[in-house]
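J.: Assemble the whole structure, with the sequences as input and the hints as a guide.
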Amino acid sequence: MSEQPPLIVHIIYRLGVGGLENGLVNLINRMSSDSYRHAIICLTDSTDFSKRIRRPGVAIYEIHKKPGQDGESFVKVYKLLKQLKPAVVHTRNLAAIEYQLCAFLAGVPLRVQGEHGWDVFDPEGNNVKYRWLRFLMGLIIHCFIPLSQQLQNYLQMKVGIPVKKITRICNGVDTELFYPREGQRQMPENCPLQLENKLLIGTVGRMHGVKDQLTLVKAYILACQESAVFADKARLALIGDGPLRELAVNLLEKHGLVENVWLPGACHNIPQIMRSFDVFVLPSKAEGISNTILEAMATGLPVIATRVGGNPELVVDETTGLLVEKENAPAMAMALQALIDDNAKRRQFAQAALQRARREFSIDSMVARYQAVYDRH
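So in the numbering used here, the last one in the sequence shown is 456, and the numbering has no gaps at all.
Note that these hints are calculated values from the structure, not bench results. Each hint can be trusted.
Below, a list of computed lysine-lysine pairs in the DSBU-like style, where the Cα atoms sit at most 30 angstroms apart:
#, residue 1, residue 2
1, LYS364, LYS208
2, LYS161, LYS130
3, LYS405, LYS364
4, LYS158, LYS145
5, LYS277, LYS333
T.: Okay, structure coming up:
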């Protein structure tokens, strides 16, 4: 019987809808099955998002970690790693980094930590305790993989990780899933908006603090108040669920605009929904390298994004979209009006975004770079 390929164990907080999780699924689906096997340890639990894993034989383990410090979860992960005997353990973000201690004690040959973006409780990486945690774990981690230049600078300058331990790998986008619409707009399932002769502004993401969809809602309201033409032509879609959703509904109802906005909660048919958009907006207060920006670019959409994190590495201001300062509703309202009012500029940015996504953010290039790191075991 031929020897099996080496095993990579990916440790994440939860396998649900999100950019980090999407990147992991893309990596597993696209990496050659002759190179590595994969397993996922979810510190809490897994959801139906796991069905997006097309590759057979990927085991998913749920630890059901209790909130806060849970010593039993470390014992469970250690025992699991001793049983699985992986060649590589790849943890992602602050929520999982401490479990590198389990990998170290279990004798895992290669220990990798991915930095995908800031923690919701530390959106700019200023928390001294978190810096010390990364530094101490860095003593037993072989390689850090930041997704953006900003995250690389943070690891080097603020945490003190040696440059030889850092390999920056930008996300790639699956252009087989995300591609521009052809011909007439196909209405998303259950969308109540009448979109004939209208333009749809859309965003996709969990509706919680750091994603800041409320600034987009405020910008949309402002733009509608400032321009009757905009109010007549522009509609808004907020795709995702979370505590900001109810606040957004209340704000829109207060200004009599809730009928112009689609808020379906979490959706699984994101590629089809994105093809119904005319403009994509990412209003985050902090970001790593945003999968949704890349997906929007590959869908042939102009992008309005905040000037935070890795966003300026993806959106070329006044070429593929527009960059605005975070939490600045008036500036975002101006950007929305600029793209809704100018058909030529919107189409020009859309074409440039599509070309840039295909040229510079290939998913095959991303997978090859990850595999080169894993091959160090």
